[in-house]
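Residue strings, one per chain:
There are 2 protein chains.
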Amino acid sequence: MAHFMDGKAVAAEIRAEIRKDIEEFVEKGNRKPHLTAIIVGDDVASQTYVQMKMNAAKDVGITSETKRLPAEATEKELLDLIESLNNDKSVDGILVQLPVPDHMNERKICNAVICEKDVDGFNVFNVGRMCLDMNSMIPATPLGVIELIKRAGIETFGKNAVVVGRSKNVSMPIAMLMHADGRNETNAMDATVTICLRFTPPKELAKYCSMADIIITATGVPRLITKEMVKPGACVIDVGITHITDPNTGNTKLVGDVDFDEVRKVAGHITPVPGGVGPMTVAMLMHNTFTAAKNLAAASIKS
Amino acid sequence: MAHFMDGKAVAAEIRAEIRKDIEEFVEKGNRKPHLTAIIVGDDVASQTYVQMKMNAAKDVGITSETKRLPAEATEKELLDLIESLNNDKSVDGILVQLPVPDHMNERKICNAVICEKDVDGFNVFNVGRMCLDMNSMIPATPLGVIELIKRAGIETFGKNAVVVGRSKNVSMPIAMLMHADGRNETNAMDATVTICLRFTPPKELAKYCSMADIIITATGVPRLITKEMVKPGACVIDVGITHITDPNTGNTKLVGDVDFDEVRKVAGHITPVPGGVGPMTVAMLMHNTFTAAKNLAAASIKS
Numbered sequence: 000m001a002h003f004m005d006g007k008a009v010a011a012e013i014r015a016e017i018r019k020d021i022e023e024f025v026e027k028g029n030r031k032p033h034l035t036a037i038i039v040g041d042d043v044a045s046q047t048y049v050q051m052k053m054n055a056a057k058d059v060g061i062t063s064e065t066k067r068l069p070a071e072a073t074e075k076e077l078l079d080l081i082e083s084l085n086n087d088k089s090v091d092g093i094l095v096q097l098p099v100p101d102h103m104n105e106r107k108i109c110n111a112v113i114c115e116k117d118v119d120g121f122n123v124f125n126v127g128r129m130c131l132d133m134n135s136m137i138p139a140t141p142l143g144v145i146e147l148i149k150r151a152g153i154e155t156f157g158k159n160a161v162v163v164g165r166s167k168n169v170s171m172p173i174a175m176l177m178h179a180d181g182r183n184e185t186n187a188m189d190a191t192v193t194i195c196l197r198f199t200p201p202k203e204l205a206k207y208c209s210m211a212d213i214i215i216t217a218t219g220v221p222r223l224i225t226k227e228m229v230k231p232g233a234c235v236i237d238v239g240i241t242h243i244t245d246p247n248t249g250n251t252k253l254v255g256d257v258d259f260d261e262v263r264k265v266a267g268h269i270t271p272v273p274g275g276v277g278p279m280t281v282a283m284l285m286h287n288t289f290t291a292a293k294n295l296a297a298a299s300i301k302s
Numbered sequence: 000m001a002h003f004m005d006g007k008a009v010a011a012e013i014r015a016e017i018r019k020d021i022e023e024f025v026e027k028g029n030r031k032p033h034l035t036a037i038i039v040g041d042d043v044a045s046q047t048y049v050q051m052k053m054n055a056a057k058d059v060g061i062t063s064e065t066k067r068l069p070a071e072a073t074e075k076e077l078l079d080l081i082e083s084l085n086n087d088k089s090v091d092g093i094l095v096q097l098p099v100p101d102h103m104n105e106r107k108i109c110n111a112v113i114c115e116k117d118v119d120g121f122n123v124f125n126v127g128r129m130c131l132d133m134n135s136m137i138p139a140t141p142l143g144v145i146e147l148i149k150r151a152g153i154e155t156f157g158k159n160a161v162v163v164g165r166s167k168n169v170s171m172p173i174a175m176l177m178h179a180d181g182r183n184e185t186n187a188m189d190a191t192v193t194i195c196l197r198f199t200p201p202k203e204l205a206k207y208c209s210m211a212d213i214i215i216t217a218t219g220v221p222r223l224i225t226k227e228m229v230k231p232g233a234c235v236i237d238v239g240i241t242h243i244t245d246p247n248t249g250n251t252k253l254v255g256d257v258d259f260d261e262v263r264k265v266a267g268h269i270t271p272v273p274g275g276v277g278p279m280t281v282a283m284l285m286h287n288t289f290t291a292a293k294n295l296a297a298a299s300i301k302s
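If you're matching them up, the sequences are chains S and Z in order. Residue numbering for the first sequence follows numbering that gives the first Met the number 0, starting at 0 and increasing by one per position. Residue numbering for the second sequence follows numbering that gives the first Met the number 0, starting at 0 and increasing by one per position.
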């Protein structure tokens, strides 16, 4: 039976570390790190996600604020707000909760957040730096996946990994961090990596997965990864989140991409959904915010 | 016996197309595109490469100039030169021949070339855009590999590809362009992609290669890819270039990563070394320079 990768527990551990580090940071005379979130419109899921992040911030000693714009706000209004936060010395991290309304250019919005405060790592300049193995803000979910692997002591060097999915915010950074050179600034994982996608034939997906020491799936397709596809002892990390409704009870629940109850019988390590990668994402966002605060504090001393 | 992918002939075809397009561009009242190369120091290989590029430029109707700095030039002198070329309206493309001397920060140099004139595609901002499937300057060698695959009519959609190597200027962009979404701005190839690296065990490399419909190798390890590793009918693209000396004659010759004489017996398509990817690189650099010239001409009309 697979070892259970308890993202909730690991995230709590990381948050405790950050809390302690922030206490020391503040004792040295720095103000508390500050995270500002922006929500445009009334999307319920966005409200929930931001609330979770703000609760986590409070928990670790990061002050925070949520700015709200109406759904009909113009792109320029949002850009102006970002610009004012970029210039605001009391703000360390800026997070624009996605998606933004359709009349806005999401890419332009992401690039408007200056790199130093871009705790989501979505600015194209941060993406470029990450892809070149340079220090940058790395998106919180990929960073959480990597941290979970590291803290579980999973060996990656020269191992076979499969990343299922090719999204730019999650799968692509994971593939990059899994295969790149561990001697460079991103401390990447030196694994052989296969990127599978929606057009990978099921038979081929099964073949690649069955060769893998580590499977990381981020597709939103429930039960995509079945027991037959998993090599005994492999590490299976499930980034997928799908809301499904139980036809009998009418209740909804969250499921991942992995057929958890079956796959756990063969895997060596497995993450649950919920309670696996999700809490790690929130913890790593706190990590990024604290990093931003430290960098900005160091830069203000220099200047 | 494999179909021979004649990079020299395809490159000549592309150059003829560019030449014709440039003629039309000039007939419309634009000046000829202009490419400026910078060489720092006396590296013989660098001189040869730049000379080849300048000859190709002349051939397609691109005017060019080579600026030379002594090996002992300071980083600031090089940055100042780049800055002056960035601001020079008579220059469309800027190419800093790598490597630069050790006392210079190569990354800083690459980022100094403004994106619009960055015909090598090495500016971090262009890298980020490419990795996000956005229009950008794509480095000439990866672009040449993709173009060779396209013009040979090799199907990639949902196929298995292996990229051997993980260099940031060649393999990484190839892996990105091979797996990304063909509906986005980079017109990528929608293939399942495995990235193999120096730490991939030989047995695993062989396994991945034997599953591949397309193998692209860029390692500089002669005879890394042998006949036994290649699926009958696969397309094998060899980006490797190694100078070896014949122990009998003392003559040096260029070889790739592929055991060409044997692999050609099983492959469906194969590139030779030399005469495969090399000429494509030069042709795509001309393509990028002309693209830069068109973009800059369009921007100057707008402004």
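Don't take every hint at face value.
One copy or any two copies: either way a pair holds, since identical chains are not told apart in the list.
What the hints assert, rightly or not - Below are the SDA-like pairs computed for lysine to any residue, each with C-alpha atoms no more than 20 angstroms apart in a straight line: (1) K167 / G267; (2) K107 / D58; (3) K88 / T241; (4) K202 / E227; (5) K167 / M133; (6) K202 / I240; (7) K293 / N250; (8) K230 / L204; (9) K149 / A70; (10) K202 / K230; (11) K149 / F198; (12) K167 / F124; (13) K226 / E74; (14) K230 / E115; (15) K264 / C114.
Because the hints were derived from the structure by calculation, they are not lab data.
Q.
Let me make sure I understand: some of the numbered hints might not hold for this structure. Which ones are they, in numerical order?
A. 1, 2, 3, 6, 7, 9, 13, 14, 15
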